[in-house]
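Quick mapping for you: the protein sequence lines, in order, are chains A and B.
Just so we're aligned: 225 in the working numbering is position 225 of the first sequence, and the numbers increase by one with no gaps anywhere.
Just so we're aligned: 151 in the working numbering is position 151 of the second sequence, and the numbers increase by one with no gaps anywhere.
Honestly, the hints are just simulated from the structure, not real lab data.
Since no wrong hints were added, every one of them can be taken at face value.
Here chain A is said to cover these stretches of chain B; the calculated rule only asks that three of the stretch's residues, wherever they fall, bring their Cβ under 8 Å from a Cβ of chain A:
id, segment
1, 209-222
2, 241-251
3, 256-270
Idealized CB from N, CA, C, for every residue including glycine.
Chain by chain, the residues:
2 protein chains.
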Amino acid sequence: MQKVTCIAPVNIAVIKYWGKSDEDLVLPLNDSLSGTLSTDFMCAKTTISTSPALEVNKFWLNGIEQSFENERLLNCLKEVKRRANQTLPHLNWNISICSENNFPTAAGLASSAAGYACLVSALAALYEIEGDISAIARRGSGSACRSVYGGWVQWCKGASPTGEDSIAKQIAPASHWPQMRVLILVVNDERKKYSSTSGMKRSVETSELLQYRATKIVPQRIEAITKAIINKDFQAFAQITMEDSNQFHAVCLDTFPPCVYMNDTSHAIVDVVHAYNDFKKSNKVAYTFDAGPNACLYLLDSEVEEVLSVIDYVFPPVVNSEGYLKGIPLSKKAITEELKAVFEAKRQNFGALKYVIHTRIGDGPKTLTNPEDHLVDEMGLPKKMC
Amino acid sequence: MQKVTCIAPVNIAVIKYWGKSDEDLVLPLNDSLSGTLSTDFMCAKTTISTSPALEVNKFWLNGIEQSFENERLLNCLKEVKRRANQTLPHLNWNISICSENNFPTAAGLASSAAGYACLVSALAALYEIEGDISAIARRGSGSACRSVYGGWVQWCKGASPTGEDSIAKQIAPASHWPQMRVLILVVNDERKKYSSTSGMKRSVETSELLQYRATKIVPQRIEAITKAIINKDFQAFAQITMEDSNQFHAVCLDTFPPCVYMNDTSHAIVDVVHAYNDFKKSNKVAYTFDAGPNACLYLLDSEVEEVLSVIDYVFPPVVNSEGYLKGIPLSKKAITEELKAVFEAKRQNFGALKYVIHTRIGDGPKTLTNPEDHLVDEMGLPKKMC
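Just chain A, same shape as in the assembly (with noise of 0.2 Å):
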């Protein structure tokens, strides 16, 4: 029995994946740019296995069995089949894959694109792939293509009709600002999730602003981000940060029926994160919301304790709530008496968020080696299940 394991990150977008071209081959309509989060605090795990005994391919996600009759999946299979090293004796065995979150998928915190990063890392180790396998993993889910890679990472959307181009590529390692920190506010909501495959789709079908985005200002602001990564310019790459969002989340609106990713909390976390920037005269945080009402602010460490003492202060935690602020370890800094004065007027009710992740920008999939490390046993099942 072959047995591989990987980590993965999730990753954040500054500039916004929105809408295919292609919906099989996931070829994007614009270039997108996001930030790699550590892997130290939230990622995706998957130990895939093979042998000439296993009788059938099998998949488990999160202690589950899924069906391995999933489009995406044997798309991602596949390619990397068809790259493999063509001479290994276990190319034509079957597999399991058991693959886990080690963050709440309820939270709403997008899992299919470090989940598919994992998937094609641990595949791609199996199978003895060379170079690039952000195409690979862009089949499983668009954005898992930029999770391939730590630091900054641009997916650019590619000219090629078979998609061989539509590959990531990393700005800068997570070496190159080791200042910037990410908070994750999770935000508490009762609606419906409704799935971002679906609700591109629509935005591409219904929405004429989107494609007036694609072609005329993503690429600008493509540009321009990369530029700010480079210099450390914190002040405008918050400021393409937090207008990308908006324009990304104006898109949705546009789509008919809208699709509505924000709700009052969301938008309350944007004005708060606008106050303080004027309180401060200069941006030192930056907002984006993905498809979920979950905030993600990216801002300097120096920062991190008093933007987290004004939060606290407008969404105050339920009291006693344990493990509310996750992460990076942090000693808690009550809020001045200036702050209060600029946010008192905007404090919410106890618990609009659920938690906060303290964590900061880190590097692309890793093999672990170790063999307690693998999620499953000698039989190629699931240690852990539900």
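Got chain A sorted already, so can you dock chain B onto it with the hints?
Then chain B, alone, in the frame of chain A:
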């Protein structure tokens, strides 16, 4: 003492006005189109009196004295006097203006359109102005120019730098589509209101999508919705109305910092309308939202009772709320079991809506001739004061 009293209607745009090309002349970036609501339930009322004995100009709004040094008011007055019958003995006497709205201004319903249309109608009557007065009302508040006519009204942006051709014109009178009804759902909202004047200025300065909308999208929509109104094609009318409301709010979100006018209750109303139309397999109701959280639903009289049964079910009024349903009287109908099943999962907490106004499309401003209708006494002072 000369006295003139007028009433003027509210109008609800189906193709939205958002963004000026000239702040002072109040010239819009795009044409807009609205339905004028009946003055039976919602209107502004203004009495203007003038006498050689008046020592200074005076202005009361809803019983509270206002400064006369209001640029918009002075612009209207100047334009009126330029076009007045210059032989009138009272042309240079001071005036007292007394205005009221018969609907709560706190409700966030746009009162300035009706207010300025009313002011200009009364001034036009007092100074015997001939011809179109919409360009004068426009100087008070852009959308006021559309309240100068009844029925369905287009504000043509015009091409002249003086604004002389930026005027309203009636597309069809109220009698053209007598089945049309309007339900205004007044939403409970604790957030601070911000002015549409400053919001639209910020959109012009920061939203790239606004320019595209104004130049490329709105002209087609004006043409298409005019055709739908002429043909009484509710299906097309509703589609364009909803798309344009969504796009207006999309542009507001694309503004920096974003202008957020709709709240979670507003979006829940959108969701209910789409679910109702899906259930009916055709557009039976259209929503539209102005610069605030309140919904305005356009629908035909045949649908009102059933739609209201759904609204009451999803947004249950606070028990014993007197006068919750205002406007055209209606026998309330219980929701059917079939509709209950569709909407059960969408039910909201009590009191999400403050009240509902049931009204119809109506005529333009009117001059009232009964002396009892005057808002001021023989001294030119308001009969009612706060």
